[in-house]
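K.L.:
Given chain S, put chain A with the ligand in place with the hints provided.
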Amino acid sequence: MTKIDTSKPESVLPTPSHTVGPFYGYALPFRGGEEIAPVGHPDTVTVHGYVLDGEGEPLPDAFVELWGADPDGNVPTTDGSIRRDPATGGYLGRNGVEFTGWGRVQTDANGHWYARTLRPGARGRSAPYLSVCVFARGLLVHLFTRIYLPGDETALAADPLLARLDRARRDTLIARDEGHGTYRFDIRLQGEGETVFLEFT
Amino acid sequence: MTLTQHDIDQEIAAEHAAYEKRVADGAPVEHHPRRDYAPYRSSLLRHPKQPLVAIDVSKDPELVELHSPAFGERDLGAIDNDLTRQHTGEPVGERITVSGRLLDRAGKPVRGQLIEIWQANSAGRYAHQREQHDAPLDPNFTGVGRTITDAEGRYHFTTIQPGPYPWRNHLNAWRPAHIHFSMFGTAFTQRLVTQMYFPADPLFPYDPIIQSVTDDAARQRLVATYDHDLSVPEFSMGYHWDIVLDGPNATWLEEGR
Ligand SMILES: [Fe+3]
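From first to last, the protein sequence lines are chains S and A. Per this note's numbering, the very first residue in the first sequence carries number 249; after that it's consecutive. Per this note's numbering, the very first residue in the second sequence carries number 4; after that it's consecutive.
Any given hint could turn out to be false.
Said to hold, decoys possible - Straight line, CA to CA, 30 angstroms or less: simulated BS3-like cross-link-like pairs of lysine-lysine:
id, chain 1, residue 1, chain 2, residue 2
1, A, K52, A, K24
2, S, K256, A, K24
3, A, K111, S, K256
Stated by the list, open to error - So these bits of chain S aren't anywhere near chain A, every CB distance computed over 12 angstroms:
id, residue
4, S255
5, P286
6, G288
7, T294
8, H360
9, R364
10, P398
11, T402
12, A405
13, I422
14, D425
15, L446
Derived from the structure by calculation, the hints contain no laboratory data. By construction, the Cβ of each residue, glycine as well, lies at the ideal position given by its N, Cα and C atoms.
Chain S on its own, in the form it takes in the complex (with noise of 0.2 angstroms):
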């Protein structure tokens, strides 16, 4: 039954998950997908990294999506990610002035991702994060982990979301610092090393 009666609470549960498939090329992705952080910006940082399978093996067909905070800790409400030209219907892509916070990468043959964004600020009592959402073939639900940036060693101890974890599952969720304001984030999905994935209750 797919008409929900919204006066009937019972009526409405979840529509389940699948997997987001092999084929989802011509839909998803989107040029500039990558360049988050405005032209020029001096708060850009790069996160780059793998997505790596049970085996070690990169993944060519996953994709990620970054989502964060502006550097003063305030969450985007701009709209125009995926802008798209009123004439021809491609996409126009950023404009590279708005800061949306929210962008879409998908792993090349190699299994490699990255992206430029702006470094987010902190919220509440957090330290300062990259929300990540993880897609691929085989993969029947989407997985969310975070990507704290180093550095300010005080925020990090006293994140509620890392306080939590063993020394070896808190280091799965903290980037590499590469230098430059580069920073490395590989994404394992299971085995050795695997990332600390979240689920929202």
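P.N.:
Relative to the frame of chain S, chain A with the ligand by itself:
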């Protein structure tokens, strides 16, 4: 050893029986697939083995995940929700209209949010270079659409009935006809990617992807309803499909669940 449909049928039946037993023993209903659903072979190395770490959002209203990215009019082309008009010629196949509402767990409409779809053409082929099925490509069909929900959470697409297609999970594996859907809610926690199916497809029992939803009632929620009122005279067949996003959102918190 070639993996046959019979082998997969037995695995599907075993997973279904195991789920029914869990529920009979008092376990909660499972609305979503388990990520470690072996009959779908690609899931084997692509699911975490550690339990997910739960975050109770009611303890922290500042979480980034309680907000969602925004999409607006400039993110849409004028005919993005009509997959039959994106080329100079008419695509081949039976025209359909697909419409419904995007709702949250409380039954409230999700307004002004993005829905993206993609699908095979009427012959069961995707316009994707890695696609190996040798059914004909349709130069007048890319199979991609997007829309933004209206004030009542409604969406509307015009497209072509997709064909079923073979894949290589096991020998003689066929996917029932489906349209892939991607949705955003008012919170990033509500993100959903799924597939919509058509009524009474004979392939349902054989397909490990739809069967990965082991709860019979939940699986039915993936199947659209034929709706004669949505059929357009002299033009298209109509299907109705309402979508309910799972996951907590800020409104839910304010109302104290
Ligand atoms: Fe498909």
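K.L.:
Would the least Cβ to Cβ distance between S:S255 and chain A come out above 12 angstroms?
P.N.:
8 angstroms, violated
K.L.:
For S:P286, which was marked as not at the interface, is the minimum beta-carbon distance to chain A over 12 angstroms?
P.N.:
Check passes; 16 angstroms lies beyond 12 angstroms.
K.L.:
Just double-check S:A405 for me: nearest Cβ-Cβ distance to chain A has to come out over 12 angstroms.
P.N.:
17 angstroms, holds
K.L.:
Decide, holds or violated, for the assertion that all CB atoms of chain A are farther than 12 angstroms from the CB of S:T402.
P.N.:
Holds, since 18 angstroms exceeds 12 angstroms.
K.L.:
Would you assess whether S:T294, listed as outside the interface, keeps its beta-carbon beyond 12 angstroms of every beta-carbon in chain A?
P.N.:
20 angstroms, holds
K.L.:
Over 12 angstroms to the closest beta carbon of chain A is the bar; see if S:R364 clears it.
P.N.:
At roughly 17 angstroms from the nearest Cβ of chain A, S:R364 sits farther out than 12 angstroms, so the non-interface label holds.
K.L.:
Would the pair A:K111 and S:K256 pass a check requiring their Cα atoms to be no farther apart than 30 angstroms?
P.N.:
12 angstroms, holds
K.L.:
Against chain A, does S:I422 keep a CB gap of more than 12 angstroms to every residue?
P.N.:
The assertion about S:I422 holds, with a minimum of 15 angstroms to chain A.
K.L.:
Is A:K52 close enough to A:K24, meaning Cα to Cα at most 30 angstroms?
P.N.:
22 angstroms, holds
K.L.:
Test the statement that S:P398 is away from the interface with chain A: the closest C-beta pair must be farther apart than 12 angstroms.
P.N.:
Answer for S:P398: holds, closest chain A Cβ roughly 18 angstroms.
K.L.:
Against chain A, does S:H360 keep a CB gap of more than 12 angstroms to every residue?
P.N.:
Holds, since 17 angstroms exceeds 12 angstroms.
K.L.:
Determine whether the non-interface label on S:G288 survives the test: each CB of chain A must be over 12 angstroms from its CB.
P.N.:
Given a closest Cβ separation of 22 angstroms, the condition holds.
In summary, the numbered hints that this structure violates are 4, 15.
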